[in-house]
Amino acid sequence: MPNDVIVHVVDDDETFRKSLTFLLASAGYSVCAYESALTFLALLPLPEKACLVTDLRMPQINGIDLLLRLRALDIEIPTIIITCHGDVSMAVQAMKAGAADFIEKPFKDDVLIRAINRVASQGDPIATTAERNTVKARLRQLTEREQQVLAGVVEGLQNKAIAFDLGISARTVEVHRANMMAKMGAHNIADLVRMVLSYNGVARPRINP
Amino acid sequence: MSARHHESYPRLPTSTFVADQDRLHHIKRIFDLVPNALLLLDQAGNIAACNAAALAFFGYSEHELVGRDVDFVWQATATDRHAKPHVAACSELLTGIARPKNGEIFPAALSFVADTAAIAPFTSAMLQKLPRESDSVHQVRQLQAELAHMARVTELGEMAATLAHELTQPLAAIANYSQGCTRLMATTGDTSSTQVQEVLSEITRHALRAGDIINRLRDFVARTAGDKSVEHVHQLIDEAMEITLLGTGSSRLSTEYLLEAKRDRVLVDRIQIEQVVMNLVRNAVEAMEGAQRRNLRISTKNGTDDTIVVEISDTGAGIEWDETLFHPFVSNKPRGIGVGLAMSKRIIEAHGGNISARPGAGVGSIFSFTLPLLERPDAK
Ligand SMILES: Nc1ncnc2c1ncn2[C@@H]1O[C@H](COP(=O)(O)OP(=O)(O)OP(=O)(O)O)[C@@H](O)[C@H]1O
Ligand SMILES: [Mg+2]
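Note that the protein sequences, when read in sequence, are chains A and B. In short: position in the first sequence from 1, add 36, done, that's this note's numbering. In short: position in the second sequence from 1, add 39, done, that's this note's numbering.
Derived from the structure by calculation, the hints contain no laboratory data. All values reported here derive from a predicted model rather than from experimental measurement. A virtual CB, placed ideally from N, CA and C, is assigned to each residue, including glycine. Watch out, some of these pointers could steer you wrong.
As the list claims (entries may be wrong) - Label-pair distances were calculated between CB atoms; the ranges are:
#	chain 1	residue 1	chain 2	residue 2	range
1	B	T294	A	L104	49 to 59 Å
2	A	K196	B	E359	31 to 41 Å
3	B	T343	A	A197	31 to 41 Å
4	B	E362	A	A166	56 to 66 Å
5	A	S66	B	R291	36 to 46 Å
6	A	E191	B	M198	30 to 40 Å
7	A	K54	B	L298	45 to 55 Å
8	A	A197	B	K168	45 to 55 Å
9	B	K301	A	K219	38 to 48 Å
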């Protein structure tokens with residue numbers, strides 16, 4: 037197995053942590069699991085090439101705090117955030133705090149494994165040139181309105197708020213949004229945010245291709 | 040028009056042709072026919088005249104009332120006590136107590152019109168029965184019961200949100216384990232058990248789908264708009280049916296599809312609409328348990344107002360229609376919660392459609408819902 041990277045899993049829920057460890061191990065990774073951010077932080081610095089998969093909502097230190105602490109300690113470790121559905125704005129916050137990617141629970145294994153391989157091999161969240169070009173081409177297909185709606189969605193805004201900002205009806209936003217998602221080939225918001233953030237490769241999503 | 044014909048109409052007297060006597064009589068008649076209790080008060084606040092309704096209101100005869108102070112039959116409550124009807128300004132509504140002859144006092148409001156400009160100034164007072172305190176208590180009780188019911192519904196929503204959160208963990212764990220197993224079997228090159236591999240991928244599929252449903256449920260109870268996408272209603276029906284008829288023992292069930300709508304493109308939350316179809320179909324199947332003939336029919340057609348109409352008919356026991364059918368917790372099934380229809384109604388209305396029920400032709404019932412069709416995407 038070509039997986040020389042060690043995956044560190046941080047999740048306070050034992051059931052989920054164990055199952056994720058099993059999944060990653062069966063995919064050929066070496067896995068270390070921790071029940072809290074503190075136990076993980078106590079082990080730093082890590083000797084080998086590593087990747088971090090952490091839950092977003094945890095008691096005491098949550099995923100975002102963990103990212104901020106790592107940054108303060110000047111430790112670079114590519115991080116994937118596992119979120120629950122509906123946590124989009126928190127997930128975007130995590131991406132801005134330096135997370136390379138985020139994935140909604142429950143997920144297909146290849147989605148996670150592809151994400152791990154990508155971030156671990158490159159050591160940074162920026163997508164491959166080919167991927168960037170695809171995203172760029174898709175962004176070009178959007179109408180101006182669709183781009184505006186996309187910007188709102190990626191900020192974690194609800195349709196109503198986007199409608200208010202743009203001075204159009206919520207129903208019109210829904211239509212633009214559905215078309216935009218189809219054109220971008222995004223299955224859900226997580227997908228979309230990932231694409232846009234990885235395309236820009238910076239904290240704040242900018243939409244102009 | 041002939042003169043005879045003209046005369047055959049009973050005519051109201053018009054002022055030009057009627058003697059004063061007639062007019063007075065006429066006004067008195069109107070006064071008597073008014074359904075509200077009316078009192079005419081003189082300047083001193085004494086009752087000068089009263090109508091038939093007033094006599095019934097207080098249970099006195101006319102001669103017992105005329106000449107009496109208004110206090111005799113009605114008194115303002117403490118706050119209004121300063122306000123004697125004949126001295127206060129026009130048209131105020133005063134609350135007070137009526138004292139009928141039988142002694143059973145009851146709350147009554149009095150409003151009045153004073154004509155001070157007339158040669159003989161008078162005040163006319165109109166009385167109105169107020170709900171008794173016990174009536175109000177009854178109303179409050181009813182409201183409280185409704186509130187408690189609402190709280191139950193809200194609680195159920197919160198419960199569902201918590202439940203959704205709690206269920207995501209084990210579901211995600213199931214998906215992880217089954218996917219891990221699939222990978223293990225693939226790496227060990229174990230080809231002997233393709234059946235096990237198939238089962239594992241089914242487990243994964245169902246765990247992920249359950250997760251999907253729960254996520255939408257969470258959107259729904261949080262009342263955030265779920266992800267809407269452009270969908271074809273006929274496709275949603277197919278998918279929903281596939282899931283619902285699994286394990287309903289549908290062998291003795293004949294299912295007929297009449298998907299005749301020419302246009303079926305809608306902008307909806309796919310899982311929610313599938314949920315509605317599932318609820319209605321499940322109800323239909325349940326209603327046909329033990330029935331001789333078990334025919335389920337699903338039909339669609341386009342409405343006149345750019346909608347698609349979906350109808351689900353059964354040959355079951357039929358419904359006793361009343362408006363509470365779509366209220367939560369209405370169920371006559373031993374294991375039913377009674378949320379299926381209430382939830383469906385909320386979903387359909389949130390999508391700008393309608394849901395209704397009616398008896399079928401001869402037997403069974405028909406549940407029908409509409410959804411607005413998607414206008415052309417670039418239309419503003
Ligand atoms: N097709 C039908 N034929 C006859 N009665 C029906 C039909 N659909 C609904 N009903 C009546 O309406 C009631 C409410 O239906 P609803 O789906 O809301 O709740 P339920 O089926 O009893 O429970 P659940 O919450 O599990 O769905 C049912 O108990 C049944 O009496
Ligand atoms: Mg039901």
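Hint check:
Checking the proposed 49 to 59 Å range against T294(B) and L104(A) shows it holds: the Cβ atoms sit about 57 Å from each other. The given range of 31 to 41 Å is respected by K196(A) and E359(B), whose C-beta atoms sit roughly 40 Å from each other. Look at T343(B) against A197(A): about 35 Å separates their beta carbons, and that is inside 31 to 41 Å. About 59 Å separates the C-beta atoms of E362(B) and A166(A), a value consistent with the hinted range of 56 to 66 Å.
At about 55 Å, the beta-carbon gap between S66(A) and R291(B) misses the expected band of 36 to 46 Å. Taken as a hint, the range 30 to 40 Å holds for the pair E191(A) and M198(B), whose Cβ atoms sit roughly 31 Å apart. Taking the beta carbon of each, K54(A) and L298(B) are about 46 Å apart, inside 45 to 55 Å as hinted. About 51 Å separates the C-beta atoms of A197(A) and K168(B), a value consistent with the hinted range of 45 to 55 Å.
Taking 38 to 48 Å as the suggested C-beta distance range, the pair K301(B) and K219(A) does not conform, at roughly 26 Å.
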